[in-house]
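There are 2 protein chains.
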Amino acid sequence: MNITDIKSFIPPIRTLMGPGPSDVHPRVLQAMARPTIGHLDPAFIDMMDEIKVLLHYAFQTQNALTLPISAPGSAGMETCFVNLVEPGDKVIVCQNGVFGGRMKENVERTGGIAVVIADEWGTAVDPNRLEDTLKAHPDTKIVAFVHAETSTGVKSDAKTLGEIAHRYHCITIVDAVTSLGGIPLKVDEWQIDAIYSGSQKCLSCTPGLSPVSFNERAVEKIKQRQTKVQSWFLDLNLVMGYWGSSAKRTYHHTAPINVLYGLHEALIMLKEEGLENAWARHERHYQALRQGIENLGLTFKVKESERLPQLNAITVPAGIDEAEVRQRLLNEYHLEIGAGLGNLAGQIWRIGLMGYACNLKNVWYCVEALKEILSKIK
Amino acid sequence: MNITDIKSFIPPIRTLMGPGPSDVHPRVLQAMARPTIGHLDPAFIDMMDEIKVLLHYAFQTQNALTLPISAPGSAGMETCFVNLVEPGDKVIVCQNGVFGGRMKENVERTGGIAVVIADEWGTAVDPNRLEDTLKAHPDTKIVAFVHAETSTGVKSDAKTLGEIAHRYHCITIVDAVTSLGGIPLKVDEWQIDAIYSGSQKCLSCTPGLSPVSFNERAVEKIKQRQTKVQSWFLDLNLVMGYWGSSAKRTYHHTAPINVLYGLHEALIMLKEEGLENAWARHERHYQALRQGIENLGLTFKVKESERLPQLNAITVPAGIDEAEVRQRLLNEYHLEIGAGLGNLAGQIWRIGLMGYACNLKNVWYCVEALKEILSKIK
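Sequence order for the protein chains is A and B.
Everything in the first sequence is counted per the UniProt record's numbering, starting at 1 for the first residue and increasing by one.
Everything in the second sequence is counted per the UniProt record's numbering, starting at 1 for the first residue and increasing by one.
Chain A extracted, bound-state conformation (with noise of 0.2 Å):
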């Protein structure tokens, strides 16, 4: 490549109905383009505390420690892990995709010791057997699962799974990248102990930033440990330096104002529309994507009372190369949808209808290119 050729990039038009990013609304994206101010400006300071506000409401808190770390959601996990596992730390991880794997991944490069509950890919996390396993493992300090795994479109109880935990005095950590603002998810009357997310699912904000909350049980154990977090840029005793509520804000490490502009202005239209019906939105048009996917003869990876609305995991039938759909969506239709992931990679596609995304005309879209599509293939 010369490098005198390269052009400015001008992206496609897209239609994103994969696993993340969602399409992102022209509101969120004007307010990236606003002109960057200082991270310690007075009135980029009153935005983050806007922020904190906004995230409260989505996050259904009131955790004084909540806050966006200024990275994607991978960085929003390893921030829970390193700051609340200690080395030698036994953590049950309840793992039933990719994002279960990861989080096994990150507690033992934090010294921890994982236990691992595998559970089938495309099936919720069995609360029995974390029972179980906290029986047979007395010892343990953390549980760690995944509300909404991203990989499968499956929805496991997190609130019976919290419940569990808590009755073995273990403290919680949840992935929600994929569940915050697409169905509901309540940290404080479900007490979840930690948790993080991310911007660019059904928040619909650009990627880049990873929403994380902490109640008083997990600050507690942040408090107490014996050792320094092993990550200095993802330390919240200093991180919290810049975002805490003390009037005199320090200099951490330098936040992406743009970005951080998206996510207040993304946040500000969850508030407007309301939580309950954007969790209400997602479930409707679900159930239109489902009759459309159904009446092509497709069938569902996950039984129905498992499936994330937001994240539709779609059997691809036999003798179908899974690719080739995908790729014809994306270049005859601009419509992106996602494979498979790990071990369900080839035998799925997955459909986002996350945020802004999820709405009847992009449903449709869907379902009649893809109609368009099989019946040329078949």
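One should not assume that every hint holds.
Chain copies aren't distinguished; within one or between two, either way the pair holds.
[Claimed, not checked] Once the Cα atoms are required to be at most 25 Å apart in a straight line, the calculated DSS-like pairs of lysine-lysine come out as: (1) K221 x K303; (2) K7 x K271; (3) K104 x K228; (4) K376 x K228.
Calculated directly from the structure, the hints in this document are not laboratory data.
Computed from a prediction, not measured in an experiment: that's the story for all the values here.
Given chain A's structure and the hints, the job is docking chain B onto it.
This is chain B only, laid out in the frame that chain A set:
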């Protein structure tokens, strides 16, 4: 704060002449607002390849492992240390400001042994002391130093320091957060082994990305590791699956799409101007600033041969409340300059002339505003 009172955030228009972020060019802001596409979209992957080519130019390197980390400069620093330092490795850190201190923190949190050479803040790293320390610690594996100390406005001689380190068979980690695009920096010619920078300084992009580059020697040390990289998010073995040169990109984390649009545009603009011309422009406007500052009877903290044109440490005159001056510049002139950090808190102002913000209009505006405020205060 009542959540219903929160409105869309319309930032004030500032002139950013602090230590960064610097003013972002309208072309970059415009690029940030373009529609988001998927991080595995072929069109996006082509743009990633272009970013690598443009970074090769900016860093003056042909290193295959050259990419932007999906988080701010502090994460770029951590990427270098967690990948290159193994537990027990001895690392000499040349500290002449805040960021050298952060390097030491990184070494220790990675299980390395930090040997700190403390140079006076406001002076360059002393090559002789580095050589003496290497003689005293022949088992040193890595030498780390800051090319352009953002906290003090000091330039160190990266070429000479690198030559000394190599003579003692060490690899080098170089902080170029503030130098990239502002002063000569030649990664291949100077044989820098690992380097990190930031998007929000002399590149005039928004904060949130950290360009890094590693040569073959650094890659070899990473490959020879006996232990896993402690960070999953920053593990270059995994990041390379996404940013690598292979035809098949593997999902690692979701890249911050729109900020990458911005970086792409910023790097195109650097190429259009030409690196040498950008360096000359920073030098030229620094000279204008110097004249203005000296005409006000103010002095520079750093001796002339060690000054960064893009970041000027000005000694606060006796009897002047430095914070009041900065606040009045911000409130009355919408002009941001920086405070001193760490050892130099209260003693200096930091006036940045970075990237797009480095122009004569800003220089004269800043000098006149300072003149007006100082005349009112005195």
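Here is what the structure says about each hint:
Taking the shortest Cα distances, K221 and K303 never come within 25 Å of each other, neither inside one copy (37 Å) nor across copies (48 Å). In this homomeric assembly, K7 and K271 come within 25 Å of each other (Cα to Cα) only across copies, at 11 Å, whereas the closest approach inside a single copy is 39 Å. In this assembly of identical chains, the alpha carbons of K104 and K228 lie at most 25 Å apart whether taken from the same copy (21 Å) or from different copies (14 Å). For the identical chains of this complex, K376 and K228 are neighbours neither inside a copy (59 Å) nor across copies (48 Å), given an alpha-carbon limit of 25 Å.
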